[in-house]
Amino acid sequence: MSFSRACLVALLLAFSFALSCATARAESLDEALAHFTADDFSETIAGIEAVAASGSPRAEIIIRALQDGRLMFSAERKAVYIKDDADKLTDAATGQPIIDPPADVDMVRLNNRLRGAIDAAIGALTLLSSDPTKRYEAAQAVFKSREAVARPALEAAIAKEQDPRIKRVMIEARAAIILYSDDASDADKLAAVDVIRQRGDQDALGVLSGLPAGTSAAVMKAAAVAIAAIRNRLVLWDAVQNAWYGISLGSVLLLAAIGLAITFGVMGVINMAHGEMVMIGAYVTFVVQELIRNYDPGLFDYSLAIAIPLAFVFSGIVGIFIERCIIRFLYGRPLETLLATWGLSLILQQAVRSAFGPNNREVGNPSWMSGAFDLGGITITYNRMWIIFFSLAVFIALLALLRYTRFGLEMRAVTQNRPMAASMGIRTSRVDALTFGLGSGIAGIAGVALSQIDNVSPNLGQGYIIDSFMVVVFGGVGNLWGTLVGAFTLGIANKFLEPYAGAVLGKIAILVLIILFIQKRPRGMFALKGRAVEA
Amino acid sequence: MTSHFLIRSLDRGAIAFMAVIAALAVIIPALNLAVPESSALHLPTYLVALFGKYACYALLALSIDLIWGYCGILSLGHGAFFALGGYAMGMYLMRQIGTRGVYADPTLPDFMVFLNWKELPIYWYGFQFFPYAALMIFLVPGALAFVFGWFAFRSRVTGVYLSIITQALTYALMLGFFRNNFGFGGNNGLTDFKEILGFNVQAETTRGALFSISCIMLILCFLLCRAVIASKFGKVLIAIRDAEARTRFLGYRVESYKLFVFTLSACMAGLAGALYVPQVGIINPGEFAPANSIEAVIWVAVGGRGTLIGAALGAVVVNYAKTFFTSGPLAPYWLFLLGSLFVAVTLLLPRGIVGTLRHWTALRRDRESAAAEDGVTASPPEPLPAE
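Chains as they are written, first to last, in our numbering: chain G, 242 to 776; chain H, 17 to 403.
The following block holds chain H by itself, in its conformation from the complex:
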């Protein structure tokens, strides 16, 4: 059944996208590990980590596109799910430090010893086991999204209101995680990781492997999103995006559909955060900042809302620009550029990069077919997704 969807849903663009990501998953670690450092083709390790970061951002963008592009839910708090997944992974990594911490306490992470805590809080139990932590990576963001969505969608909080309360959600979490007595390291967050599954997180091989895993997860999640969208369920989602009231009057339980896809998207964001943390080496409450979540939304808008490939592409393009600008003498102008990007994309390029390209190809194909079979009415190009 699922494979049927998959095959049917895959067009040329999607196959090309997956092929490129798969190729990168092999080539980039190979250039870092197999090519000798003296060679011009050698890729420094910090770039592997940087590309790994981009892959995680692409995954986050994918999760936002799934709900915004296909169901019309603009979440300005997806950074919260990303960060929660990251914290779940961070807690596992903290427990792996063991006696190698500054205070050499076998169970307590350094910051707890520093705060003079005597025992591990209950919610830290079990995080020394990877399977449990891996479960929590999905479960914690998923559960939060489920509870939040259950309240929000059932009482028909939609559109801008939903955006604002999701923003308030991540803001509240940020304030909470900044507190020391929350038990997540306060201001400094979780850092100074030593190893993951027994491998040194700093090692080049581990970084290469993490990058490849991020790429594989990106492909898998992409396939999952395609499957969801191509299914009948996906058609209902698009119907909700375009005319929510009408869909409800046709007898669909709109809130259940929204709740499912919102929770799924939150789990994906959590996975992205979990892959992000070992590659970046730190997770702190700054990840909950509302500005981060809005920035993630603009990646999707730049790449093209409702295209999936565009979301991933937009994340990479915008973040590459960010790295390029903020690391050079142009740093003061980055916010001007980012701000103009928000304005320009919404005003001039509402379909985003991929959406506009598709629109053009569709127009050209129509013109060609109209010219070839003169007199046959061409089907109109795909309309812009409504709010």
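Isolated chain G, as found in the complex:
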């Protein structure tokens, strides 16, 4: 067993050595370094390629020193040095300190062409790194640069690679190099086109559409077919990406609007201070995170779990307070409620501005909410994904609350027929206060979620208020399902209009469409019918 493995390794080593010999670039490190002493850009390129191909363990150190401008040479002694952070010189080939530095030390100069070559060389050198992420990035870098100099290292790396994902990228990189080399056969090139077609992203398109002039007609034709196939695929993934962004925006709108659907939709109260309830929730998150940072940083990953109930309770209490002090005197006068709550929103904004300052406050993502992963041709960030799940969870919880709890029952009873509910012994004024508190509390937890993707500033709520009203009006007042459909429809429509019209014109188009839609269905998509309409 171990013998056969040793044989395999030996074989592979021999193979890669043979390949290196075949490209006839293997010079010794000293010979390679000699190129740098010429003080000439093309000589330096030759030097970079030679160092990269030398297979020396010092190669990466040398190239990185060159990249950082720390590679020095002396024309007089024909020697190359690396300058360390303390300006001490060490010998480039051996790493030994230099005791008698020469008088004429000069930096090896760089230009943009050289920087490209350096990147490619480092890519080739890190292909064999033990860190998988580094290998993956190196393979991607080689794919993009297509520098032929990386080929021997690439072949060696492909032979050794265990991780199928990295191996695939390496094979793609090799295919890209083959396509751009002059001496590869057409059969190889056709196979390479096929490999790149499998990859099917924007970079693959770039490789295929920029083939060099000498390429044969057969390869060109295959490339054209592959380009068309990739384009189709990209259009599809583009649509998927837009849909994903739309769903993400829709979930944000749903979170912002769902509390409003309770206060406006169910109670008929126009709460212009709704956005400020969202803002309060976001600031609760900020305060929770500040406390955790100061007292127990280990809890940071749980900060949102702590903030959600606190934000709900805090915003809910503010909401109940507002209902008891202001709104209950204004029932049945919707326009005046609108003005009073607008005034309230100004007061709340200014209060937060006085307490926390007018600037954006830093709210961090817990580790499980940061980062992203690739799914097919699109990138999905964790925070957006969790917010979608969270918004749906809040929606379902709210539906269940209305449907299955005593409070939900009383709430529906008061909404449908206030005098009758009161005669049945329901304390309608208490239900009003709690309902308003519920709507505000949900706005508060929306604030916790929005703090993860938006700037936490006193103006946070303002940005959502018009959109939220649009969602509720579009979806239909008094119906939570309408809010759900409305939020996602508007979100997706917005994102699909954006590529054609731009972000601002897309938004304007949506507003105009809603204004036109209200002409057609003045009470939204899911309108209440019967007597409730005139109430």
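Possibly wrong hints are sitting among the right ones.
[To be verified] Stretch by stretch, here's where chain H covers chain G in the computed footprint (C-beta under 8 angstroms, at least three residues): (1) 574–585; (2) 590–603; (3) 703–715; (4) 736–749.
For the record, the hints were derived by calculation from the structure and aren't laboratory data.
Backbone N, C-alpha and C define an ideal beta-carbon position, used for all residues, glycine too.
Given the coordinates of chain G, work out where chain H should sit on it, guided by the hints.
Same frame as chain G, but now just chain H:
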């Protein structure tokens, strides 16, 4: 016919109001121009411009009161009509700059040269002629209000829904005007004006004249509103405010009435904006901000909805408070005050200042007449306007 309405509609309060405005139109420029600077009575020029601004706000408040106080239409987007009128005037003033701009281009305003535009967009044509610009001041806001109202009122979008979509309207316009390729100067708007009708906009005499013109327009629009309200048409408007469905069932075409008065009000708001721009010296997309429109509504609420005089008074009072607060060390508290004003007026003073005063006088008169002719039933005081 019209004069008949006018005479009939004028009560003591209205005459006093017009007399005060007319007196201000003469006194304020006189104090600025005729009184020497050394005198204690001299009025600095910046105050003339400030009062001119108040006069324009009063005109805007008047236009909102006409539809909200008398027809129950709460528009949260009247700032849009105001700003459109302002932009129409601003475009005229931009064309008057001519070669005196930074880039000295005879036709293109500076910002277009800066954006590397080669020729004037078609919608800028004709704005170098004042009569055309003056027409557009009424026509553009009026046309927008007509189209918007035609859609909204015909499909019976009322109450809060109407308020919210008017707010969306001004929000959409704001987003649009912020864009450079809309051709209205983007973020910076239109500014750096040189002259209006050949007079230097910065000159003291021009500022005085603009102030007087604003006052005269305020009086004229006030008369127009009174005439509309005193007519039979006005009675129908009030009927719509108090019971829209009932008015419709009586056979009136509610939507036509609303459309007319909404368009008229938008034209007035446009006029207010047009007078505002040369006195302030700039018009930018910030004027479209929904917050501005809501603030204008609160002026009307403070002064007294459905009183016209109160609307104008409320605009001046609230804006004076704003100037007073925001220019001193109290600046951080202005939003607290403004916010509390919204809450307090709706909760404690739903009739506004003028409305409450009238209510009290009506109550006292009733009590006096009841005491004088004991046994005769006094007519009940005017009820609070319904939503």
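Coverage of the region 736–749 of chain G by chain H, judged on three or more residues with CB within 8 angstroms: Satisfied; 4 residues make the cut.
Are there three or more residues in the region 590–603 of chain G whose C-beta lies closer than 8 angstroms to some C-beta of chain H? Check passed, 5 qualifying residues.
Does the region 574–585 of chain G contain three or more residues whose Cβ lies closer than 8 angstroms to a Cβ of chain H? Held - the region 574–585 of chain G has 11 residues with a Cβ nearer than 8 angstroms to chain H, which meets the minimum of three.
Three residues minimum, CB to CB under 8 angstroms: does the region 703–715 of chain G make the cut for coverage by chain H? Let me know. holds (count 4)
Going down the numbered hints, you'll see the structure goes against none, and every one checks out.
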